[in-house]
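A.B. asks: Sequence:
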Amino acid sequence: MNPPPRWFGHRLLPRPDEDLEDQGLPFDVGTLIERRKVLAGMGVGTLAFALAACSPAGTQGAPSSSTAAEIPDETAGPYPGDGSNGPDVLEQSGIVRSDIRSSFGTSTTTAEGIPMTLELKIVDIANNGRPFEGVAVYVWHCDQSGEYSMYSSGLEDENYLRGVQVAGADGLVRYTSIFPACYAGRWPHIHFEVYPDTASITDHTTAIATSQVAMPQEACAAAYATTGYEQSVKNLQGVSLSSDNVFGDDSGAAQLATVTGDASAGYTVSLTVNVDTNTEATGGGTPGRGNAPGGMPSDHAPALPDGQLPGNAPAASAPAGS
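Last residue of the sequence shown: number 322 in the working numbering, and the count goes up by one each step with no gaps.
To be clear, the hints were calculated from the coordinates, so they are not data collected in a lab.
Hints may contain errors.
Label-pair ranges, simulated between beta-carbon atoms [claimed, not checked]:
| # | residue 1 | residue 2 | range |
| --- | --- | --- | --- |
| 1 | Ala126 | Thr227 | 43 to 49 Å |
| 2 | Ala221 | Glu133 | 34 to 40 Å |
| 3 | Ala221 | Gly248 | 16 to 22 Å |
| 4 | Ala126 | Thr106 | 39 to 45 Å |
| 5 | Arg130 | Thr260 | 38 to 44 Å |
| 6 | Glu230 | Asp203 | 18 to 24 Å |
Here are the simulated lysine to aspartate or glutamate pairs, DMTMM-like style, with alpha carbons at most 25 Å apart [to be verified]:
| # | residue 1 | residue 2 |
| --- | --- | --- |
| 7 | Lys121 | Asp250 |
| 8 | Lys234 | Glu133 |
| 9 | Lys234 | Asp250 |
| 10 | Lys121 | Glu70 |
| 11 | Lys234 | Glu70 |
| 12 | Lys121 | Asp157 |
| 13 | Lys121 | Asp197 |
| 14 | Lys234 | Asp249 |
| 15 | Lys121 | Glu133 |
| 16 | Lys234 | Asp99 |
| 17 | Lys121 | Asp99 |
| 18 | Lys121 | Glu230 |
| 19 | Lys121 | Asp203 |
| 20 | Lys234 | Glu91 |
| 21 | Lys121 | Glu156 |
| 22 | Lys234 | Asp262 |
| 23 | Lys234 | Glu218 |
| 24 | Lys234 | Asp73 |
The beta-carbon is built from N, C-alpha and C at its ideal position, and this holds for glycine as well.
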């Protein structure tokens, strides 16, 4: 016997026998968009204040005159969680969120580390440099120990440090997270994928840009001098921006973030991401034969980033683009 229909406002719940937070990703996205429409009618000042928890505040300006190059396309690495290499968090209700420090769903584990606000400004350079309103941006990165939720040993049931935000009229998305570690063989970084609209979030092949944010050395050195990041100190000494297998071709010229703040109060990491929809997106996927790290079958991923042992002890270099 089918459960009786249930409504949320004027919207029919797709899963009437489930709680509101378990209605699925399309319902979550629809709620976010509807909330923005309602707040827009309340006035610009109220909108800027009320959207703080869902979308970054910012100035809605005229088209940018920036002639900066398109963000380089990069591999998504072995641990994307977008369905291209095993687990798919983008199909899960709850992935659209601004605070990505904790897991959602069956776990509420919170990743420890120095507080970090990540701000990405998505610019549509195919449209005269205007803010790219409406794009969905998926962000993920490693934790304080250099491990990835959904893949690392013991973290297969966690999905922290992963989240989607939808850019507002200013092109901005903002995430509350923690400062990522440096693991062996890679410069400290944050992964992201840009999707053309909310309807495309669940299909990784529709991404219009896949790239990585490079963390500045000065901020990394200060962050890694604090408790919990001890192994990152040694790992950072073994790599440079110019030798990194992702940023090394130009030392991350278009991917190097601007950082403010400090290790005590936390950091704000900012980057302008220029996206050109007139060019073919060539990023995404995972390194190695069969679209998986080290030539593993595409439905299998290693328990830890290659080059790491439990406890973040380096053994060898990480695979390209991890």
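A.B. asks: Hint by hint, note whether the structure agrees.
C.D. replies: Structure-based check of each hint:
{"no.": "1", "hint": "Ala126 x Thr227: 43 to 49 Å", "verdict": "holds, 46 Å"}
{"no.": "2", "hint": "Ala221 x Glu133: 34 to 40 Å", "verdict": "holds, 37 Å"}
{"no.": "3", "hint": "Ala221 x Gly248: 16 to 22 Å", "verdict": "holds, 19 Å"}
{"no.": "4", "hint": "Ala126 x Thr106: 39 to 45 Å", "verdict": "holds, 41 Å"}
{"no.": "5", "hint": "Arg130 x Thr260: 38 to 44 Å", "verdict": "violated, 26 Å"}
{"no.": "6", "hint": "Glu230 x Asp203: 18 to 24 Å", "verdict": "violated, 40 Å"}
{"no.": "7", "hint": "Lys121 x Asp250", "verdict": "holds, 21 Å"}
{"no.": "8", "hint": "Lys234 x Glu133", "verdict": "violated, 41 Å"}
{"no.": "9", "hint": "Lys234 x Asp250", "verdict": "holds, 24 Å"}
{"no.": "10", "hint": "Lys121 x Glu70", "verdict": "holds, 13 Å"}
{"no.": "11", "hint": "Lys234 x Glu70", "verdict": "violated, 33 Å"}
{"no.": "12", "hint": "Lys121 x Asp157", "verdict": "violated, 31 Å"}
{"no.": "13", "hint": "Lys121 x Asp197", "verdict": "holds, 16 Å"}
{"no.": "14", "hint": "Lys234 x Asp249", "verdict": "holds, 23 Å"}
{"no.": "15", "hint": "Lys121 x Glu133", "verdict": "holds, 10 Å"}
{"no.": "16", "hint": "Lys234 x Asp99", "verdict": "violated, 29 Å"}
{"no.": "17", "hint": "Lys121 x Asp99", "verdict": "holds, 17 Å"}
{"no.": "18", "hint": "Lys121 x Glu230", "verdict": "violated, 32 Å"}
{"no.": "19", "hint": "Lys121 x Asp203", "verdict": "holds, 22 Å"}
{"no.": "20", "hint": "Lys234 x Glu91", "verdict": "violated, 37 Å"}
{"no.": "21", "hint": "Lys121 x Glu156", "verdict": "violated, 31 Å"}
{"no.": "22", "hint": "Lys234 x Asp262", "verdict": "holds, 21 Å"}
{"no.": "23", "hint": "Lys234 x Glu218", "verdict": "holds, 15 Å"}
{"no.": "24", "hint": "Lys234 x Asp73", "verdict": "violated, 29 Å"}
In terms of the numbered hints stated before, the structure departs from hints 5, 6, 8, 11, 12, 16, 18, 20, 21 and 24, listed from lowest to highest.
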